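Asks: Using the sequences and the hints, build the whole thing.
For the sequence shown, position 28 (counting from the first letter as 1) is numbered 28 according to this note's numbering, and the numbering increases by one without interruption.
Mixed in with the good hints there might be a few duds.
Capping the alpha-carbon separation at 25 angstroms, the derived lysine-lysine pairs in DSS-like fashion look like this [claimed, not checked]: (1) K148 x K33; (2) K116 x K128; (3) K148 x K36; (4) K59 x K116; (5) K148 x K123; (6) K36 x K123; (7) K123 x K33; (8) K148 x K128.
These are computed hints drawn from the structure, not numbers from a lab. Everything numeric in this text was worked out from a predicted model, so none of it was measured.
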Amino acid sequence: MNTKNSDLIVMVNGISVGGITSEQMTQIDTAVKQDKRLWIAQGVEVMRCAVRVVTNAIKYTPFTLFAWALMGTMQDPDGFNKIIANGPSEYFLTGAYFSFFIACIALIVEGLVTGKLFGFNNKFSERKAWLIRERLNVPAEGTVSCFKRP
Numbered sequence: 001m002n003t004k005n006s007d008l009i010v011m012v013n014g015i016s017v018g019g020i021t022s023e024q025m026t027q028i029d030t031a032v033k034q035d036k037r038l039w040i041a042q043g044v045e046v047m048r049c050a051v052r053v054v055t056n057a058i059k060y061t062p063f064t065l066f067a068w069a070l071m072g073t074m075q076d077p078d079g080f081n082k083i084i085a086n087g088p089s090e091y092f093l094t095g096a097y098f099s100f101f102i103a104c105i106a107l108i109v110e111g112l113v114t115g116k117l118f119g120f121n122n123k124f125s126e127r128k129a130w131l132i133r134e135r136l137n138v139p140a141e142g143t144v145s146c147f148k149r150p
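Replies: Quick look at the structure:
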């Protein structure tokens with residue numbers, strides 16, 4: 001383990017495996033930021049997360065529509081009967097759009113409040129960890145952490 005001239009101590013899964021200098025870390029950061037494939041992979045990952053949010057919103061839409069119709073019925077039963085008598089399909093389509101919109105907003109707020117990531121993986125961090133493990137000849141998979149030497 002070479003840690004004599006290193007500025008940063010590298011730990012994999014909580015176990016110290018070596019050290020790297022600030023210059024090496026800067027080189028790794030630059031290499032990661034300049035890799036165009038990572039930018040494309042990260043864009044695809046963001047799109048995959050957006051699709052997951054939309055599919056979850058679609059799952060919640062019937063419940064939201066039912067709750068919206070129930071609240072409308074409780075507030076104005078006669079008005080609800082008139083709307084249904086005139087055109088239930090128009091009410092259903094409007095309600096479905098509205099419910100989907102509300103479900104999307106609810107999922108985004110849930111993600112912000114609870115930190116739910118919807119399967120998001122940061123490709124830049126993964127590549128950076130892989131380059132650090134490669135530089136130190138560490139075959140172990142796991143969480144890579146870097147700490148400044150005290």
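Asks: All the hints need checking, so say for each whether the structure fits it.
Replies: How the hints compare with the structure:
Taking the CA atoms of K148 and K33, the gap is near 22 angstroms; set against the 25 angstroms cutoff, the hint holds. Straight-line distance between C-alpha atoms of K116 and K128 comes to about 23 angstroms, which keeps the hinted pair within the 25 angstroms bound. Taken as a hint, the K148 and K36 pair is broken in the structure, with Cα atoms around 29 angstroms apart against an allowance of 25 angstroms. Taken as a hint, the K59 and K116 pair is honoured in the structure, with Cα atoms around 17 angstroms apart against an allowance of 25 angstroms.
A hinted pair counts as satisfied when its Cα atoms are at most 25 angstroms apart, and K148 with K123 qualifies at roughly 23 angstroms. Using a Cα cut-off of 25 angstroms, the hinted pair K36 and K123 holds, with the two alpha carbons roughly 12 angstroms apart. Using a Cα cut-off of 25 angstroms, the hinted pair K123 and K33 holds, with the two alpha carbons roughly 11 angstroms apart. Simply put, K148 and K128 have alpha-carbon atoms about 17 angstroms apart, close enough for the 25 angstroms limit, and the pair holds.
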